[in-house]
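Trainee: With the hints in hand, could you dock these two chains into one complex?
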Amino acid sequence: MSRKIFQAVVILTAGGFIFHGVTRGEVAIIFQKAARICMECIGLG
Amino acid sequence: MKIFRRRLIQLAAFGFTNAQVLNLASGKIYKGELKNFCAPGLNCYSCPAASFSCPIGAMQAVAATSGFNFGFYAAGIILAFGILFGRAVCGFLCPFGFFQELLHKIPTPKKILWRPLMYAKYFVLAVFVLILPLTLTNYAGVGLPAFCQYICPAGTLEGSLPLLATRPELRQVVGSLFAWKFFILVVVIFGSVIFYRFFCRVLCPLGAIYGLLNRISFYRLTVDENLCINCGRCKKICGMNVDPVRQNDSAECIRCGECAAACPKKAIAINFSTSLEKRDDCLE
Ligand code: SF4
Ligand code: SF4
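Keeping their order, the protein sequence lines are chains R and Z.
Residue 4 is where the first sequence starts when you use the numbering used here, and the numbers rise one by one after that.
Residue 673 is where the second sequence starts when you use the numbering used here, and the numbers rise one by one after that.
Pulled out of the complex, with its shape left as it was, chain Z reads as follows (with noise of 0.2 Å):
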């Protein structure tokens, strides 16, 4: 039933970031007001159906523009989001996260992802979203946003497929750039029907931040190690191939609640929680 509930609100959250379905049709780009806000979750404010800015696209933009340096505003929002949710933004209101999911489902044989390339989306975020924008300029001296430009595969299937499609006029500028960006975009759909969040977990520095804050948030996992039976059930069923039970503050945890859901003895709780000490006892 939980796992139903996280489906409709993954379906709800996809639907509220990108109300704007109309404008797929002419290539049309939304100006409203709710731009002015940023998403949760990935999610290219290029795409003709996206009704809020993109997080890393706006620190990025502002980041890049001359006399700025680093994207305070957006930077508050995914601060804010992280402290309250943790990844669970990624695991119940990001649209690529959620498209992912939806590609691992295709029936192919399943791999388990080499666990250092886990650390590349570290090396990602502050590579590419914090130090480039600031030190490489183009030829009109305006700062490149790294990410966005060479990297990011949601631009590419939310922004540059319905453009290219509806908008003749930019089919003639396409070159090697949009080459490398397809060719990311088609490792990381080939990458996601084999390996569970293939993209999340080894290059989304969204998912890098939420991670850290994962430790903190007041949305957590929680064991309680009176009723846990050290079945393994729990680290079995993780896509993210975490162990709740010995890592329930993990930065690879999306909160899904498979593991609670396959609990035979209920001893996983995931909810808002001020209070660390039933968790930090459990641990010791």
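Isolated chain R, as found in the complex (with noise of 0.2 Å):
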């Protein structure tokens, strides 16, 4: 039983953490790194 609860809580986190970051405008910062290079994730920056 236990573990269905804990299995909604993480399924209603999910989507709240989704939800949240959508509006507050994260996948536009997220676009933005991931359309040019990232010289820090290369090693270059």
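Calculated from the structure, these hints are not laboratory results.
Nothing here was measured: the structure is a model prediction, and the numbers come from that model.
Think of the CB as a built atom: it goes at the ideal place given N, C-alpha and C, for glycine as much as any other residue.
Be aware that one or more of the hints could be misleading.
One side of the interface only, derived from the structure: several residues of chain Z facing chain R at Cβ under 8 Å [said to hold, decoys possible]: (1) I701; (2) G729; (3) T737; (4) G748; (5) L842.
Mentor: Structure representation (structure tokens):
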């Protein structure tokens, strides 16, 4: 039973996180980073 | 047959995540709509072939942005994949996990990993992904994506090497940071030849999160104790050094199915299940 509760909590948390992230503009930040060369990621910056 | 099916899925996931292969020749970065989404596995978004964003890179990019502190969107995507599949994401969908499995096929003497090393990935997750991007800032006051910058070998392999090969202007900024990251990549490559999925087990923060979710994910491994004869073949064949009969919820199990295929009694099942009863009964 407790497993089902944990599953429900994680599903709700995941949905809430995605919704909150989208509404506060995180997707645009990610897109900007991902559509250019990330100098830190490649170890050059 | 199931093992062959897993290989096909790994290959398809590798190709789907890196579908922009034509960009490899020019070193251009794909700028299409798909980059708004995060892939489930570790795949550098600075790879010219990458179609999606890297979830760990995305989390850090947001956390490092002033006024944001935590990457909810990417964390939500990771939690969603994790609750559905647990570490089966590692076993089936992650390109870097697949790469390490191929490296391990190189015929050399193989070794068993020292177990305490596997806890290092939780340290990497807490310090390099969650804490340092918030607390370390550069000269301009911008947070640093510490995991990407100092550890991630996928960034070096998929990002730096193809970009340095195709864009000469980038070669002028190669310095000590690149040398450090190249060293990590070499360690990971040699480590993966000798130890099965060395990076996944020791350093990967995504593997740490999916591993924690293995205990409650819908896709799970169950052992029927009425069929199991405790022959130990499952434990012996497991590359992740899991004993599925005793630790079916292990954070290290990538749900690869090797144990189920090796079981002479077909006592191990790996599938989607919302019911715990059967598994819990058989472990009591
Ligand atoms: S542990 Fe990390 S690198 Fe390994 S398969 Fe999982 S997500 Fe990929
Ligand atoms: S316990 Fe079985 S499914 Fe899990 S990693 Fe080991 S062999 Fe693969």
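Trainee: Which numbered conditions among the earlier hints are violated in the structure presented, ordered from lowest to highest?
Mentor: none
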